[in-house]
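J.: If you follow the hints, you should be able to join the two separate chains into one complex; please do so.
Residue numbers (my numbering), protein chains in the order written: chain A, 88 to 370; chain B, 4 to 294.
It should be emphasised that the hints constitute simulated quantities derived from the structure, not laboratory data.
Just to be clear, a hint being listed does not mean it is correct.
Output of the computed footprint for chain B on chain A, the stretches with three or more beta carbons under 8 Å from beta carbons of chain B [unchecked claim]: (1) 195-203; (2) 324-332.
Incomplete in silico selection of chain A near chain B, CB under 10 Å [said to hold, decoys possible]: (3) Asp179; (4) Met180; (5) Thr185; (6) Phe192; (7) Ala311.
Just so it is clear, CB atoms sit at the ideal spot from N, CA and C, and this is done for glycine as well.
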Amino acid sequence: MQTRIAATEVASRIQTRLGVTWDATAGDGLQAGRPDTPVTGIATAWTPSLDVLRRAVAVGANLIITRECAFWSREAEIKGYSGAGATTTRKDMATDPTFAFKRSFIEANNLVLWRLSGNWDARQGDAQLANLVTALGWQTYQTDRPGRFTLPPMSLSALTSRIRTALGARALRVLGDPAAPVRTVALTHGFLLVPELQRVVRDAPVDVIVGGEPVEWEAFPYVADLVTAGRARGMILLGHAVSEEPGSHAVADWLKTIVPEVTVRFLPSGEPFWTPAVAGARG
Amino acid sequence: MARSDISRRQFVYAASAALLARPLRLRAQAGPTAREVVDRIKRHVGIPWNDSTYRDTFKVGNPGARVTGIASTFMSTLDVIQRAKGAGLNFIITHEPTFWSDADVTTGLTDDPLYRLKVDYVEKNQMVVWRFHDHWHARKPDGIFAGWNRALGWDRYVAPDNERRYLLPPTTLGAIATHVASALQSRSVRVVGDPATPVRTVARGAHTLSGNMAVMPNADALLVSEAREWDSIEYARDTVLSGQAKGIILVSHEAGEEAGMDECARWLRSFVAEVPVEFIPTRDLLWTPGA
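So here's chain B without its partners, still in its complex pose (with noise of 0.2 Å):
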């Protein structure tokens, strides 16, 4: 018998259980839906669901469609959408926007080639994106950290009263930004500051100068995944120049924020059995000629 008549009984069996609404062995195989999945993130997420969310929302494809596998990434690119399709895995949870903008806002791009692309082949291959950034963060710990201090190796350094700042052994600005790029395999790390100023206390500073600004004063470094350059970074420029000892260590946002989504990959295993789910990295695609 060909191959197309099972699936044509299949589609058949498929469509009279969700037109009699009566449960039938085959579904018990076949995976959940996108849907599905993500109410169980919701009762699992251990947080309070903000359903007025923009973020955490679907993207692109039909969240009815069957789970064949969940990819998790740090961002939905094509690259990591033609990847998922080639491991199998057509839903993909991403931190990070689709369509190159905060609130993925699709206006202005309806006659993008680059867009339809990249819409056309989610829906071609009946994938499904969905966007996994408030809840992740506001997790306790926050998801992202969780993964980012496991990369680091700094889960003991963490400060008891604060999980954006590290108590770490004395060492030097220059010896924290090499081992922060190897250990995050970043080759564009950027530094302001003197290599050879002291360090122990290190914060986890923000993409923007209200959160660089409020926890400068009380650190010898701040870590930062993607500031904006004319502002952080130059307020960090001043710092240095006013004659404190302090620096900064930029790092790429997908650098920052990567191991995140491999942590997400590893909860999400702990509650969705039925199908495979891996972690993509986009991998830092930046990197800096050598001296």
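Pulled out of the complex, with its shape left as it was, chain A reads as follows (with noise of 0.2 Å):
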């Protein structure tokens, strides 16, 4: 029978492979399991949720190798962003039953959980913003200028349907007049900061700036006041799941190549939320 590949050596590979220099204070590497453990099967995808976890069970993979953390606090500070209060780390969670029963799970199914983000972006490219562009389907719209794009024109509630349907997301929330008529883009992905919003408007200005996440004190009243100021017309918000979650599929494609041994298989965390039905909602 053939030795299996342990997912310490699936680790090894991503970061002698990854074409950087590996930045081992970017927070990536093991979060859960032991890293010894023969791999049956890889399973990518934006956040390891419980029911990420179960499907990976079900199809046989015992890896899993996600954007965000097995249990969600990043544990660090983040640059660029002026959060309230302290990070929670595990220590902080002992008593948690979520916590608790999330633990008992991963150690039950033998399975070993690994973090892949900041490495991953420091590739030569934007590959989570690629495989978003392929997934809108905007290839065809793409400027000379990175994450910029011209559509034809339509209503800022027309983009935002659009979007919806492509993305095939629920919760997406909008700041803006419907009816205003929108034709640039500039798309980005994941916690959207201030630093990066007016590296994006700074030199050509656009209508809608598409985001994952933004802090409410921070990068989405300074799109509002760009929208007071006549300098943008709105913002379209997917959430961090859907903006982020084509990448995780580009993480899959990419393992396929460099472990050839296992199957490599993307598992769409999909969007947390619903929304409430609301008298008087627009779109």
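T.: This is the structure in structure tokens:
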């Protein structure tokens, strides 16, 4: 019987083949489980939710490689975020029932959870963005600036509907007049911070900023002020999960090329939210 | 006589009053300065003032400017500042930042055209912005929660031993979500959990994972205004997936706290009688496309 590749061997292949000098301070690496575990299959996902873990077990994958952390907290300061409160560590979670349940599930199923985030982003080109563009079907609208698109003219509301359909998302949130005519778009993903926003709008203004998750006392009011000042028309918020999910598919595609011994799958985490029907909701 | 002559004469009076440090009848009719209003707030707030706060400070404009009227608001967005100007209110008391970070750090903003535009607008119109966050929250009861409870109609459900906890008549997660969206006039409410989940105990959560984790085990549902999606929201999703009959209702930061600044305007009127005090809503600017 063929010896299976160990999780630690997959990890070292990732580190050596990624094409960047491995940054040990990026928070990537082992999140849970025993690194010497023989790998039966690999699953990539945006976040290792219990649902993702159950589906991984069902298809025989025991190495789960994700962008977010096993126990939610990134356990580190985030640069450029004026967030409130201290970071939460696993020690703080010791008595939490959800933490205990998830840890037991991981142990009982002999899973290994591994994080790949900052080092993945350090690669040449933005794979997260590229796969999001493909998911949106915007390749033909790409301008010569990365993340900039010129779309056929439409209303902000119509653009929202198109994005919603393309990404299969329910809980998009939008800032701006639904009837506003829009054409130029800046596309970002994940956590949207003010310095990135400034970089995005600095040289060439856009009608709409499409992104993942802004802080509502930082990037969000920055865009609200841009709209009031007449320098933008709106913002479409995909949600963190929806904006990063396509990129986790890209991780699976790449892993297939360096770990041929086992099956590598992408498992969608899905959108966490639903929205109540509200009288007067627009769009 | 031309109007400019009168104002020039008033200026001379005011200037000589300042120079001679002598009260003048004309001054009695003018409003207090922004700094005087803040001093009055400090005397009335009912808790010791923490002078080391970086939040509850003047953000832009001259604190010595005469106040023509006060606008109490959730956030001093450019739109709110412009509407305050239109209403003749030149002193803005804001719960949240003006320059897009918790401490209103202006490093990295000085060359930003949007920052310049906002500062210029305030200065050109002799307006003043002061933040009122920490102390309004620290009051007993918390000024923001007091407004929120009133807006939700939940005053009578507040747990006797914990103002962040509500004991409701039996209902469901879905019914609460609909009520919250309607009572807070928000079109951007998002929910994690089965709408049919039975709910009696609701805890008010926090922006942080630690804050939400502290209350989730002892509540059927959490009501949270703005939390990070990768931690608090995924923790909630895993809580539901682990088989616990719970849920989280996430409202925008604005929807969760704005009513507290309407409350603040009511409170300010009780000791600032010389000038108008108005609540200027930012409104929940986010909308969710319909199904």
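J.: All hints, please: hold or fail.
T.: Verification of the supplied hints:
1. 195-203: violated (count 0)
2. 324-332: holds (count 4)
3. Asp179: 6 Å, holds
4. Met180: This interface hint holds because 7 Å falls under the 10 Å limit.
5. Thr185: Given a least distance of 4 Å, the restraint on Thr185 (chain A) holds.
6. Phe192: Since chain B brings a Cβ to about 8 Å from Phe192 (chain A), closer than 10 Å, the hint holds.
7. Ala311: 5 Å, holds
In the structure shown, a violation is registered for the earlier hint numbered 1 alone.
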